[in-house]
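S.K.: What follows is each chain in one-letter form.
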Amino acid sequence: MTETLTDPRVVRAIELAWREAALLDAKEYETWQGLYAEDARYVIPIERDAEDFDDVLNMVNDDARMRGLRVRRMTEGYAIAAVDSAITVRTVSRFIPTDVDDRSVTLKAAQIIVAYKRGRHDLWAADVDYVVRLGASAGEDRFARKVVRLVNADEAVPAAGFLL
Amino acid sequence: MTEFTAATVYDLPPADLVLGDRVAGRMYTDPAIFDQEMTKIFERAWIWVAHESELPKAGSFKSTHVGRHPVIVTKDRKGEIRTLVNRCRHRGASLCEKKTGHANGFTCPYHAWSYGLDGKLRGIPYPDGYEGVMDKADLGLKTLRTESYGGMIFATLNAEAEPLADFLGDVKLWIDRFMAQGGGYPVKVLGTHRFTYRGNWKIQLENTTDGYHFPIVHRSWMASVDAETAEMMSFMTDPTAVTHDLGNGHSVMQMVPEHSDLDADDGSEPLQPRFDGLVARLEAAGADEAEIRRLVRAVHGTGFNLNLFPNVSMSISFFRVLRPISVDETVIEHVALGSDGPAEIVGPVNRERLRAHEHFQGPFGFGTPDDSEGWDRVQRGAQGAPELPIMVNRGLGREKPSAEGWPTSHVTDETGMRAAYAQWKRMMSDD
Ligand code: FES
Ligand SMILES: [Fe+2]
Numbered sequence: 001m002t003e004t005l006t007d008p009r010v011v012r013a014i015e016l017a018w019r020e021a022a023l024l025d026a027k028e029y030e031t032w033q034g035l036y037a038e039d040a041r042y043v044i045p046i047e048r049d050a051e052d053f054d055d056v057l058n059m060v061n062d063d064a065r066m067r068g069l070r071v072r073r074m075t076e077g078y079a080i081a082a083v084d085s086a087i088t089v090r091t092v093s094r095f096i097p098t099d100v101d102d103r104s105v106t107l108k109a110a111q112i113i114v115a116y117k118r119g120r121h122d123l124w125a126a127d128v129d130y131v132v133r134l135g136a137s138a139g140e141d142r143f144a145r146k147v148v149r150l151v152n153a154d155e156a157v158p159a160a161g162f163l164l
Numbered sequence: 001m002t003e004f005t006a007a008t009v010y011d012l013p014p015a016d017l018v019l020g021d022r023v024a025g026r027m028y029t030d031p032a033i034f035d036q037e038m039t040k041i042f043e044r045a046w047i048w049v050a051h052e053s054e055l056p057k058a059g060s061f062k063s064t065h066v067g068r069h070p071v072i073v074t075k076d077r078k079g080e081i082r083t084l085v086n087r088c089r090h091r092g093a094s095l096c097e098k099k100t101g102h103a104n105g106f107t108c109p110y111h112a113w114s115y116g117l118d119g120k121l122r123g124i125p126y127p128d129g130y131e132g133v134m135d136k137a138d139l140g141l142k143t144l145r146t147e148s149y150g151g152m153i154f155a156t157l158n159a160e161a162e163p164l165a166d167f168l169g170d171v172k173l174w175i176d177r178f179m180a181q182g183g184g185y186p187v188k189v190l191g192t193h194r195f196t197y198r199g200n201w202k203i204q205l206e207n208t209t210d211g212y213h214f215p216i217v218h219r220s221w222m223a224s225v226d227a228e229t230a231e232m233m234s235f236m237t238d239p240t241a242v243t244h245d246l247g248n249g250h251s252v253m254q255m256v257p258e259h260s261d262l263d264a265d266d267g268s269e270p271l272q273p274r275f276d277g278l279v280a281r282l283e284a285a286g287a288d289e290a291e292i293r294r295l296v297r298a299v300h301g302t303g304f305n306l307n308l309f310p311n312v313s314m315s316i317s318f319f320r321v322l323r324p325i326s327v328d329e330t331v332i333e334h335v336a337l338g339s340d341g342p343a344e345i346v347g348p349v350n351r352e353r354l355r356a357h358e359h360f361q362g363p364f365g366f367g368t369p370d371d372s373e374g375w376d377r378v379q380r381g382a383q384g385a386p387e388l389p390i391m392v393n394r395g396l397g398r399e400k401p402s403a404e405g406w407p408t409s410h411v412t413d414e415t416g417m418r419a420a421y422a423q424w425k426r427m428m429s430d431d
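In order, the protein sequence lines correspond to chains A and B. Using full-length UniProt numbering, you'd call the opening residue of the first sequence number 1 and step up by one each time. Using full-length UniProt numbering, you'd call the opening residue of the second sequence number 1 and step up by one each time.
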C-alpha cells in the first residue's frame, strides 16, 4: 500500500497538525488540549528512538490528567516561566504518512521552532510522530499520540515555558 | 573587612567580594573571576563525576567534565574506577564522544593510538617511526585522583587534596541517610535531564539551599500536586525545618524533617491514598507490609537537600549537578534515582518515581523552568549597580549551633549560602 499526501484522510491529519502548530504559537492552550483524544499521549522523550516511555525518563510524558494540569500551569498566571515565555514561530512539514486507514492516520513530520526571548533566538528542531484518529468530520479528528523527538534530546536544552 | 563600593568593586581581589552576610554581584559577571574559579576551585576541589550505578560492570564508562576538562570515568577489569582526561596523547583528539556505554578500551579515531580502560597506551600503528623517540609507558592518558563514598564518585586534579572522606566530614552521615531512599535496595540512576540557563553557576549553587523561594516560585507546581504532597512541602512556618552548615562549604536543608531518616519509622504516618495502586501491585508481587511501607515512604525521596560544594546537590530524590560553561552560562543535570532490585518490586516503584521526577524536573517540568527563569533574571539584574551587594544575610540573627555543633537556622534562612561562600572565599584566596 503506498500512502500519498493527497489522500483526503492524510490531508485531514496534516491540517490537524497545522491547526495545532498555530494554536501553540498563539499559546491557546485550552483549545489545544481539545485536539487530543482522552486516551492520547503527548511525549517528548530523552532517548530519540524510544518507543516505550513508561520505564524511562522523559522530558514530557503526559496523559489527559497531566495535559490538563500542564494547561492550567501555562494559563493560570503563577508560573513565571510561562508568564514570560518566548514568542514562538513553528513550521511543521516533510510529512510522511506511514499508515492510513479510515479510522486513523500515522504520520511522520519535521518540526522547526524558533523561540525568541530577550534578544535571543533559540532553535528547536525535531522529528515528530503523530497518530490522528479520524472522526465523523474533520472537526472531530483528534490526536491519539504525538511524540516529539528533538535532535538534541539527550543534550542540554534551555528550560522552556512553552510547549513543543 | 573591606567594604566594596562602586569605585572599588572592580579592583578588589575576588576574596574581598565575599563578606559574611553579602557578596558582590561582580562574582556573577566577571570573566576573569570565572577563570580563577576554574583553576582554584574546579581544578582543586573534589568534583562529583558519577554514581556507581552508572558504571555497572567492567568496561562501563561515562564521559563528563571536571571543570573545563572533558573526562571519561571508567571501570577497569579489576573493578577499579578511574577518571581519565578525554584527550589523546598524540595530538589531542577527544577519544570518546558518547555519554555512557561499554568498551574494552578507547581507540583514537584520528591516528588510532589505543588506550586501555586504565588509561595505559596499548598500541600505536606503524610504531617504527617512534623507535628511540619515546617510551609508550610515558604516554598514558592523564589520570585524576578518584575516590568515592556511599556510591558517590568524585575526582580531583589536585594531587595534594585531602582525602575525600575528610573533605566530606559530617556530610557522610547525610549521604548514608540519602541512600536509604532505595527502600532496602541500592540506589540506581534511572535517567538524566539536562538543561542550560544563561547565568553564573553560583546562582544555582545558592538555589539548592534556598528554601525561601519555594512557595513563591513553585506556586504553580504546588497547585498541581495532591493535598498531602503540598502539605508535606509547606515547611515555611515549620520551626523544626532547619538548615545546617556542615563545614567545607557543605550544608543540609531539611524541608521535611520527619523524613530525614527514612529508616526511622514508628509506623504512625499513614501512606498517602494516591499510592493505593502501587501498594496493590507490590502486594501482588509478594512484598510484605514492612517492605511496602519502606518503598512507598521512600518514593518521595528523603526530606532534605544535601548541598555539596561545589558541583552536586543530593536533592530529595535526585542529584542536581552543575557544570559551569562560562561566566554567564551553566548546564544542569537532574539525575533521577530509583531502587535497584527485582523487576516485579522495583518496576512499579521506579515508574512512580520517574513520573514524579518528570512532573517537577527537567526542561519541561512544572518546577525547573520557573527556577531557571529566576536564575536568568538574577544574571540580568546583577549587571546593574555593582556597588549593591547580593544579600545572603537571612537568618543571621537566629543562627545557633545544633547539638552536633553545626551552625543552624531555619530552612528558609541563608545559612547554606553563607557556608558555600565562606568556602569559595577560602579557596579563591589560596594561592
Ligand atoms: S590524535 Fe589521537 S592518534 Fe593522533
Ligand atoms: Fe526551586
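Hints are computed from structural coordinates only; laboratory data are not their basis. You may find that some hints are simply not true.
[Said to hold, decoys possible] Subject to a maximum C-alpha distance of 20 Å in a straight line, what follows is the list of computed SDA-like cross-link-like pairs (lysine to any residue):
1. B:Lys188 to A:Leu69
2. B:Lys98 to A:Lys27
3. A:Lys27 to A:Val56
4. A:Lys27 to A:Asp99
5. B:Lys98 to A:Asp154
6. B:Lys40 to B:Arg426
7. B:Lys188 to A:Asp154
[Unchecked claim] Now the in silico label distances, taken between C-beta atoms and shown as ranges:
8. B:Glu283 to A:Arg120: 50 to 56 Å
9. A:Val151 to B:Pro273: 51 to 57 Å
10. B:Arg274 to A:Glu47: 26 to 32 Å
The beta carbon of each residue, even a glycine, is placed where N, CA and C say it ideally should be.
S.K.: Hint by hint, work out which the structure violates, then give me just those numbers in ascending order.
M.R.: Hints 1, 2, 3, 4, 9 are the ones this structure does not satisfy, whereas the remaining hints hold.
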